[in-house]
Amino acid sequence: MDQGKTPVPSDFIRDIIDEDIKNGKHQGRVATRFPPEPNGYPHIGHAKSVCLNFGIAAQYKGTCNLRMDDTDPTGESMEFVESIIRDVKWLGFDWEDRLYYASDYYEKLYQFAVHLIKMGRAFVCQLTPDEMREHRGSFTEPGKDSPCRNRSVAENLDLFERMRAGEFEDGSHTLRAKIDMASPNITMRDPIMYRIKKERHYRTGDQWCIYPMYDFAHCLSDSIEGITHSICTLEFENNRPLYDWFLEAADVEHRPQQIEFARLNVSYTVLSKRRLIEFVEKGIVAGWDDPRMPTLSGMRRRGYTPAAIRDFCERIGVAKNDSLVDMALLENCLRDDLNEKAPRVLAVLRPLRVVIENYPEDKVEMLDCPYHPKKPEMGSRKVPFSRVLYIEKDDFLENPPKKFFRLSVGREVRLRYGYFIKCTSIVKDPASGEVIEIRCTYDPETKSGFAPDGRKVDGTIHWVSAAHAVRAEVRLYDRLFNVPDPSREDADCTDFLNPNSLEVLHGCLVEPGLNGAAAGSGFQFERLGYFSVDAVDSTEQAPVFNRTVTLRDSWAKAAEKGGK
RNA sequence: UGGGAGAUCGUUCAAUGGUAGGACAACGGACUCUGACUCCGUGAAUGGGGGUUCGAAUCCCUCUCUCCCAGCCA
Numbered sequence: 307m308d309q310g311k312t313p314v315p316s317d318f319i320r321d322i323i324d325e326d327i328k329n330g331k332h333q334g335r336v337a338t339r340f341p342p343e344p345n346g347y348p349h350i351g352h353a354k355s356v357c358l359n360f361g362i363a364a365q366y367k368g369t370c371n372l373r374m375d376d377t378d379p380t381g382e383s384m385e386f387v388e389s390i391i392r393d394v395k396w397l398g399f400d401w402e403d404r405l406y407y408a409s410d411y412y413e414k415l416y417q418f419a420v421h422l423i424k425m426g427r428a429f430v431c432q433l434t435p436d437e438m439r440e441h442r443g444s445f446t447e448p449g450k451d452s453p454c455r456n457r458s459v460a461e462n463l464d465l466f467e468r469m470r471a472g473e474f475e476d477g478s479h480t481l482r483a484k485i486d487m488a489s490p491n492i493t494m495r496d497p498i499m500y501r502i503k504k505e506r507h508y509r510t511g512d513q514w515c516i517y518p519m520y521d522f523a524h525c526l527s528d529s530i531e532g533i534t535h536s537i538c539t540l541e542f543e544n545n546r547p548l549y550d551w552f553l554e555a556a557d558v559e560h561r562p563q564q565i566e567f568a569r570l571n572v573s574y575t576v577l578s579k580r581r582l583i584e585f586v587e588k589g590i591v592a593g594w595d596d597p598r599m600p601t602l603s604g605m606r607r608r609g610y611t612p613a614a615i616r617d618f619c620e621r622i623g624v625a626k627n628d629s630l631v632d633m634a635l636l637e638n639c640l641r642d643d644l645n646e647k648a649p650r651v652l653a654v655l656r657p658l659r660v661v662i663e664n665y666p667e668d669k670v671e672m673l674d675c676p677y678h679p680k681k682p683e684m685g686s687r688k689v690p691f692s693r694v695l696y697i698e699k700d701d702f703l704e705n706p707p708k709k710f711f712r713l714s715v716g717r718e719v720r721l722r723y724g725y726f727i728k729c730t731s732i733v734k735d736p737a738s739g740e741v742i743e744i745r746c747t748y749d750p751e752t753k754s755g756f757a758p759d760g761r762k763v764d765g766t767i768h769w770v771s772a773a774h775a776v777r778a779e780v781r782l783y784d785r786l787f788n789v790p791d792p793s794r795e796d797a798d799c800t801d802f803l804n805p806n807s808l809e810v811l812h813g814c815l816v817e818p819g820l821n822g823a824a825a826g827s828g829f830q831f832e833r834l835g836y837f838s839v840d841a842v843d844s845t846e847q848a849p850v851f852n853r854t855v856t857l858r859d860s861w862a863k864a865a866e867k868g869g870k
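Residue 307 is where the first sequence starts when you use the numbering used here, and the numbers rise one by one after that.
If you are wondering where the hints come from, they were derived from the structure by calculation, not from laboratory data. The C-beta atom is built at its ideal place from N, Cα and C for all residues, glycine as well. Watch out, some of these pointers could steer you wrong.
Here are the computed lysine-lysine pairs in the DSS-like style, where the Cα-Cα straight-line distance is at most 27 Å [what the hints assert, rightly or not]: (1) K579 x K503; (2) K680 x K753; (3) K367 x K395.
Derived CB-CB ranges, DEER-like [what the hints assert, rightly or not]: (4) P448 x D324: 36 to 42 Å; (5) F445 x D628: 43 to 49 Å; (6) K588 x D628: 23 to 29 Å.
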C-alpha cells in the first residue's frame with residue numbers, strides 16, 4: 307500500500323484527546339471507529355471521516371474499527387458493504403480483524419432495551435405516525451405525553467416481547483424512551499428506540515421484525531466496542547444529549563464521548579447520498595463508479611490515487627465551520643501525487659497529419675524517451691519516429707497570435723525527444739477549407755534536441771508516428787455541475803447539471819508502448835494531462851482512457867482572457 | 001419562532017491576552033526539450049457596534065448573518 311505524506315495533526319479533536327490522555331480518561335486508550343450505513347457507495351466525504359478516524363487511531367497508537375451501521379434494513383445490502391470494505395482498504399487503511407456490524411448486536415441491544423423498560427425508562431407506544439408527529443409539538447410548543455406513557459413495566463415487557471415476536475403490524479407499535487416531551491431539544495421528546503419493520507435484512511434475514519433506531523443503537527454499539535471517541539458529523543450535535551442519556555440509562559460501564567466535526571462539501575459536486583443514489587437510478591451517470599461521481603470507486607476509475615485523497619483530507623483540516631472546499635484543492639493534491647509517479651508518454655487526442663518531406667520514406671528511428679524528465683530512475687522507452695506523424699490539432703495555427711509558441715507556416719518547433727521541424731506548407735480540404743495536413747522539413751542535426759548552431763525554438767510539441775501509433779478512445783470528464791454549490795442553489799440540483807461533463811474522443815492516437823496497457827494504470831500524456839486506462843478492448847487490445855485531471859495550462863488561460 | 005452550533009485573506013485551516021500565519025486560488029517574475037514541473041515574489045482577512053485591558057481574533061455585552069433539529073432515516 308502506498309504511503310501518503312506525513313499527517314499534520316493539529317485540530318480541536320486532537321486537542322480533546324490530548325486533554326483526555328493527560329487526565330487519564332479511558333486509561334489513556336484511544337479507540338475510534340468508522341461507522342457507515344451500507345446503503346450506498348462511499349464517497350470523498352466518507353474519506354474525510356475515514357482518514358480522520360484511522361488517522362487519529364494511528365497517531366495515538368490506538369485502534370479504529372470498521373463498523374457497518376446497519377440498523378435499517380431498507381436500502382442496505384451486501385453490495386454496499388463490499389464497496390465500503392474495498393474502498394476503505396483502497397484508501398490504505400487497515401482495521402485488522404475489527405470489522406463489526408450493528409446487526410451483530412441486535413440481541414444485546416434488545417436486552418438493553420428490556421433493561422430500560424424494567425427501569426421504567428422506556429415504554430411501548432401505540433400512537434400512529436401521524437399522532438406521534440402531532441404529539442411531538444413544534445420548535446416553539448412543547449409536546450404532549452403519549453397516552454401509553456404510564457403503562458406498567460409488566461405490560462411494556464409483554465408488549466415489547468410481542469413486538470419482537472411479530473404479533474403487530476408495521477407502524478402500530480414503537481418502543482420509546484421516557485425522557486421529556488417538553489424538552490426544547492426535540493430529539494429528547496421521548497424518542498423512538500425500536501420500530502416494527504417486517505422487512506428482510508440483508509444479514510439477519512427474517513430473524514427480526516423490530517429494528518433499533520440510530521440514537522439507541524449507535525451509542526451502545528460504541529460502548530460495546532470500547533470506543534473512546536465517537537467522531538461524527540455536525541448534524542448529530544442535537545443528538546449528543548440523547549447519546550449520553552442512553553449510555554447512562556443502559557447503565558453501561560464504558561461511556562464513549564461523541565465529538566462532532568463539519569462534514570465535507572466540495573465545490574461543483576454533490577455529496578448527499580440521497581442525491582447520488584438518485585443520479586445512479588435516473589441514469590444521469592452510468593453507475594456508482596462513473597468517473598464523474600465523487601464516489602471513491604468513481605474517483606479510482608477516474609485515476610485518482612489513494613495518496614492524493616489522503617493528502618486532500620489532511621489539507622482540508624477538521625473544524626466545526628460549514629465549509630465548501632474548492633475542487634481546485636482536490637485537483638492540486640492529485641497533480642502533486644501524479645507529478646511524482648506518472649510516467650510520461652506521447653499521445654495525440656485530435657490528430658493532425660504531418661509529413662516531413664525530407665525524411666526518408668521507409669526510415670524508422672527508435673528515439674529514446676525518458677519516462678520522467680526529473681526521474682531517470684523511472685527509465686525510458688524507445689518510441690518510433692518516421693516520415694509521417696500526427697501532432698495535436700491545437701498545436702498548429704494558420705494565423706497565430708503574437709504569443710503562440712507552436713507550429714505555423716514558416717515556424718520551427720521541436721518535436722519532443724525528436725527533431726526540430728519547420729512548417730513549409732499546408733494542405734487544405736478543398737470542400738471545408740480545413741487544414742488537413744501540414745508539410746514540414748526536419749533538421750537532421752537537431753536529434754539531440756538542440757541545434758548545433760545554437761538556434762532556439764519557442765515550443766516543444768508532442769507527436770506520434772502514423773505508421774506505429776495505437777488507436778485509442780479517450781474520455782474527457784468535467785465537473786458534473788456548473789454552479790459551485792448545487793445542493794444549496796436548489797432542491798433539485800439536476801437543474802445545474804453540466805451538459806458537457808463527458809466528452810468521448812474517438813480516433814485518438816497513443817504511442818505503441820501503450821498497446822495493451824493494464825487497466826487502472828495511469829500516465830501523463832505530455833502537455834495534455836493525466837490519463838488512466840479504463841479498460842482494454844479485448845479484441846483489438848486498444849486502450850480506453852479516462853482523463854484523470856488536466857495539466858495547468860497558462861496558454862489556455864491567456865487565450866481565454868485574450869479572447870474576451 | 002424554541003433549542004443547538006458556527007462566523008478569520010476569494011476558499012480552507014491555524015493563531016486561545018502579546019508581530020494575524022500556512023495551503024489552495026489569483027497576479028508577477030526566473031527557469032525549462034512538457035506554455036508542465038520547480039523556484040522566487042506580490043496583493044489579500046479577524047461580520048457590525050460597544051466594553052475590559054498597557055495590549056483583544058482571543059475575555060464581556062449587544063446586534064447581524066449562516067447551518068442543524070419537528071423521519072417509525074442515519
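The hints, checked one at a time:
no.	hint	in the structure
1	K579 x K503	holds, 22 Å
2	K680 x K753	holds, 20 Å
3	K367 x K395	holds, 19 Å
4	P448 x D324: 36 to 42 Å	holds, 40 Å
5	F445 x D628: 43 to 49 Å	violated, 20 Å
6	K588 x D628: 23 to 29 Å	holds, 28 Å
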